[in-house]
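Per the working numbering, the very first residue in the sequence shown carries number 1; after that it's consecutive.
Just so you know, the hints here were simulated from the structure itself, not pulled from any lab data. Every value quoted in this text rests on a predicted model; they were computed, and no experiment measured them. Every residue gets a Cβ at the ideal spot worked out from N, C-alpha and C, and that includes glycine. Careful: at least some of the hints might be erroneous.
FRET-style restraints, in silico, Cβ to Cβ [what the hints assert, rightly or not]:
1. Asp164 to Arg189: 21 to 29 Å
2. Ser273 to Arg189: 37 to 45 Å
3. Gly76 to Asp164: 31 to 39 Å
4. Gln186 to Arg2: 18 to 26 Å
5. Arg38 to Tyr162: 28 to 36 Å
6. Gly245 to Ser154: 47 to 55 Å
7. Thr178 to Ala132: 23 to 31 Å
8. Val123 to Ser223: 43 to 51 Å
9. Ser223 to Ser166: 23 to 31 Å
10. Glu124 to Glu157: 32 to 40 Å
11. Ala216 to Ser121: 22 to 30 Å
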Amino acid sequence: MRLGIVTPVVTRLPRAHSRWEVDAGIKEIARIATEAERLGYDHLTCSEHIAVPNSVVATRGATYWDPLATLGFIAGCTRTIRLATFVLVLGYHHPLEIVKRYGTLDAISEGRVILGVGVGSLVEEFELLGAAFSDRGKRADDALRALRASWGKSVPEYHGEYFDYSDMTIDPVATSTTTPIWIGGQSARSLARAVEFGEAWAPFGLKPNEVSQLLAAAESSASWSQRTKPLEVFLQPTPPLDPVGDPEATQHTLNEWIAGGATGLTLRFVHHSLDHYCEQLEALPTLLTS
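Just need the whole structure built from these sequences, with the hints factored in.
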């Protein structure tokens, strides 16, 4: 069971962050990253929003550190923990922009990048960036095909419905022509997209029984039978876990989400200070081995 963390500080969701995070910065993030790495955690995440409409700040929050800058810094102070964008909104980027920028990060980090991607849902943000919204799902599928065709290649070529390019050189590029692509979302379509294009499905906002029902339905699809590797499923248990304060409840929650189909978990914790967060980091893995 691979464990990761929803990195605190870099995203502050309403009623889901602690007071100490408001004044925290890159030093605190670096400590969390190095502690998670020392304890054997697999990955940490950083999400993306360019600009959040004021009308949804109360529900979505306003703080979203840029993932490329943030993960680039973390790459320099860690050696093994994987660096996951969770999620990049595909409609905000040309595929070659992702190939170049995150391929460079992959080279800097010696192959540790996970491309967590999603379709996106904020109309105002799409409009701000001049990105098409109504057909964003089809565009996302074409972008995923383009990423598959281009990742790690110095002279990529792709000819699709929305993206078409050749005779261009990219340098530097990623360390490999394959990279883990995780598909975020809440719907059966996001799971189908993961089955077709991704290494993992990483849903959010679903309950364990909802995840297991969607997985059971997907297993009968032609795309599922055509996969050469099993689909990984990275879930985010809710509510936040408290392994120090309530280990029994935490263990019950972990078991519930694993039974729901998780092959990996990306975790949030109850925490009241930086030290408390690090204590929670250390306490959690023992509950999976006890």
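Subject >> In rising order, the numbers of the hints this structure does not comply with >> reply: 5 and 8
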